[in-house]
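Novice: Protein chains in written order, with the numbering used here: chain A, 1 to 293; chain B, 1 to 293.
Derived by calculation from the structure, the hints in this document are not laboratory data. This structure is a prediction, so every number in the text was calculated from the model and none was measured. There could be a bad hint or two in this list.
Same chains, same label: a pair holds when it works inside one copy or across any pair of copies.
As the list claims (entries may be wrong) - No more than 35 Å apart at the CA atoms, straight line, and that leaves these computed lysine-lysine pairs for DSBU-like:
#: 1; residue 1: Lys280; residue 2: Lys21
#: 2; residue 1: Lys21; residue 2: Lys50
#: 3; residue 1: Lys280; residue 2: Lys186
#: 4; residue 1: Lys156; residue 2: Lys50
#: 5; residue 1: Lys169; residue 2: Lys156
#: 6; residue 1: Lys21; residue 2: Lys217
#: 7; residue 1: Lys50; residue 2: Lys169
#: 8; residue 1: Lys204; residue 2: Lys156
#: 9; residue 1: Lys169; residue 2: Lys21
#: 10; residue 1: Lys204; residue 2: Lys21
#: 11; residue 1: Lys50; residue 2: Lys277
#: 12; residue 1: Lys21; residue 2: Lys277
#: 13; residue 1: Lys277; residue 2: Lys186
#: 14; residue 1: Lys280; residue 2: Lys156
#: 15; residue 1: Lys215; residue 2: Lys280
Number of protein chains: 2
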Amino acid sequence: MNTIHTMEVIHSIADLRSRIKEYRRNNDESVGFVPTMGFLHEGHASLLRKARSQSGLVVLSIFVNPIQFGPGEDFERYPRNAERDLQVAEAAGADLVFMPSVSEMYPTPIRTNVSVTGLTSRLCGASRPGHFDGVATVVSKLFHIVQPDQAFFGLKDAQQVAVIEQMVKDLNLGVEVVPCPTLREKDGLAMSSRNVYLTEEERKQALVLSQSLDKAKEFVQSRINFTTNELESLVSSHIATAPLAVIDYAQVLTFPTLEPFENSHHIDSIIIALAVKFGKTRLIDNVIIQLRK
Amino acid sequence: MNTIHTMEVIHSIADLRSRIKEYRRNNDESVGFVPTMGFLHEGHASLLRKARSQSGLVVLSIFVNPIQFGPGEDFERYPRNAERDLQVAEAAGADLVFMPSVSEMYPTPIRTNVSVTGLTSRLCGASRPGHFDGVATVVSKLFHIVQPDQAFFGLKDAQQVAVIEQMVKDLNLGVEVVPCPTLREKDGLAMSSRNVYLTEEERKQALVLSQSLDKAKEFVQSRINFTTNELESLVSSHIATAPLAVIDYAQVLTFPTLEPFENSHHIDSIIIALAVKFGKTRLIDNVIIQLRK
Chain A
1 MNTIHTMEVI HSIADLRSRI KEYRRNNDES VGFVPTMGFL HEGHASLLRK
51 ARSQSGLVVL SIFVNPIQFG PGEDFERYPR NAERDLQVAE AAGADLVFMP
101 SVSEMYPTPI RTNVSVTGLT SRLCGASRPG HFDGVATVVS KLFHIVQPDQ
151 AFFGLKDAQQ VAVIEQMVKD LNLGVEVVPC PTLREKDGLA MSSRNVYLTE
201 EERKQALVLS QSLDKAKEFV QSRINFTTNE LESLVSSHIA TAPLAVIDYA
251 QVLTFPTLEP FENSHHIDSI IIALAVKFGK TRLIDNVIIQ LRK
Chain B
1 MNTIHTMEVI HSIADLRSRI KEYRRNNDES VGFVPTMGFL HEGHASLLRK
51 ARSQSGLVVL SIFVNPIQFG PGEDFERYPR NAERDLQVAE AAGADLVFMP
101 SVSEMYPTPI RTNVSVTGLT SRLCGASRPG HFDGVATVVS KLFHIVQPDQ
151 AFFGLKDAQQ VAVIEQMVKD LNLGVEVVPC PTLREKDGLA MSSRNVYLTE
201 EERKQALVLS QSLDKAKEFV QSRINFTTNE LESLVSSHIA TAPLAVIDYA
251 QVLTFPTLEP FENSHHIDSI IIALAVKFGK TRLIDNVIIQ LRK
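Extracted from the complex, chain A is given alone in its bound form (with noise of 0.2 Å):
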């Protein structure tokens, strides 16, 4: 791109593409990817300034996808505001921004759903059913329609991360995969757009996702050997220090495949997800730990 840096926001499919075959055209670096649902905070902007480090024409997608949202979820009143993310956009150095509409995306009731058997029947799966297909489907559609060579997830949605990358492998979707890390508030709390619906006193109790993730990171690093009941107990019981807390789940499995253990022997990588409820807010975050090398 120009070293004096226009960004352009397209709002159909088909211009998408032609601008994108265009670049194709005419240059041969790699396409980078980022898909969102908009409301962009600082987690956003690294993935664009990662994918500005690697690729040569830097897409960003805006949609809030109805489909992975469930029946009394808060698809309606999921935060939106277009304009500072497109500043936000700009400032991390994003060249296209895709920003359909639902009508643009399903033009008529969707009749193909991508799902993802195995590792979408625990944590998110399991408590938000349907979520994951909506997720491999927008995900699949939106690959299809900007053919990126690399595609940066956060990893704040570790599950949506696996899924995805089974999801490439499984399909030969020919998209390198950038798993980024989770970034955080100064006093801990994993960024997420959801974050602006809590209440003062909810924001200051919601700190007790992130110390309970430390307080097992620090816990594992201490043991050679532990079980996963040790240590949901100690992340379980930390949360419920706070008053306003409501666990929907808080889980230890291996990853990325996502799969119950029991003691820790033999197992070489580990997540400790979780997802709490503040009021109508599900917060969720995790940690993953190499156990071996």
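Fit chain B to the given chain A structure using the hints.
Specialist: Using the frame of chain A, we list chain B on its own:
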């Protein structure tokens, strides 16, 4: 391609990708794709010739896809003849023949499933549970590998064509699906790789399929309106004249939406679709009729 035609046989996904990428780099012409399960007959050859006439590069895949066969179906005994297939392919103008092994296509157990709902609840979808999931999944894999501009499918598998078209639209696959007419033996039997299973007597009696479709067509063309019951009875009773025939289904539906209806009033386009067993061999055939322009 050169005027002296040299067909290449490719076994690995990586080789095929790089061969097509190289073609794309040096040519502005389109890539046409004919996915098959091999044991090529004149019907397949007609798809290749159609591709040859429309596309710069003609890619044929030959892969007997295990995940579209149910338990007890004919995956193991499905007829194979690689040597003759290559002769047919070369004569019909294929440039690249992709013949992957099962482990090349499924190196690990596949956990991702592409399914098309609605369209798959009837006809072969009802008789062969999971069949169209296997078809949609493998075709999506092949589309990702080949990234064709056009893909050519025979209308003998009309439901398959409807399923693929729906998937392409829903998932923004960006491939033009080109449905091609069913080819028939001189006596009317629809060409099929499975015809080799038939005994001499079964082969003779199998003519009831195309005959009953001809009768149905005449009937439709002689009426202003008709009911599906009338038409299905006409077809079934003709098939019943063959003592070895066991009807799996003989159904009249809208096309390409594959919905049942009672009376042809207000219906634009219909399919009369048959699946009939002769011994262990299951044959399908159909006719699509425009009722109104």
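Novice: For every hint, state whether the structure bears it out.
Specialist: Evaluated hints:
{"no.": "1", "hint": "Lys280 with Lys21", "result": "neither (43 Å within a copy, 50 Å between copies)"}
{"no.": "2", "hint": "Lys21 with Lys50", "result": "both (23 Å within a copy, 26 Å between copies)"}
{"no.": "3", "hint": "Lys280 with Lys186", "result": "within (24 Å within a copy, 69 Å between copies)"}
{"no.": "4", "hint": "Lys156 with Lys50", "result": "within (16 Å within a copy, 49 Å between copies)"}
{"no.": "5", "hint": "Lys169 with Lys156", "result": "both (21 Å within a copy, 32 Å between copies)"}
{"no.": "6", "hint": "Lys21 with Lys217", "result": "neither (46 Å within a copy, 46 Å between copies)"}
{"no.": "7", "hint": "Lys50 with Lys169", "result": "both (22 Å within a copy, 32 Å between copies)"}
{"no.": "8", "hint": "Lys204 with Lys156", "result": "within (19 Å within a copy, 64 Å between copies)"}
{"no.": "9", "hint": "Lys169 with Lys21", "result": "both (24 Å within a copy, 20 Å between copies)"}
{"no.": "10", "hint": "Lys204 with Lys21", "result": "neither (48 Å within a copy, 54 Å between copies)"}
{"no.": "11", "hint": "Lys50 with Lys277", "result": "within (31 Å within a copy, 58 Å between copies)"}
{"no.": "12", "hint": "Lys21 with Lys277", "result": "neither (44 Å within a copy, 49 Å between copies)"}
{"no.": "13", "hint": "Lys277 with Lys186", "result": "within (21 Å within a copy, 70 Å between copies)"}
{"no.": "14", "hint": "Lys280 with Lys156", "result": "within (20 Å within a copy, 53 Å between copies)"}
{"no.": "15", "hint": "Lys215 with Lys280", "result": "within (26 Å within a copy, 63 Å between copies)"}
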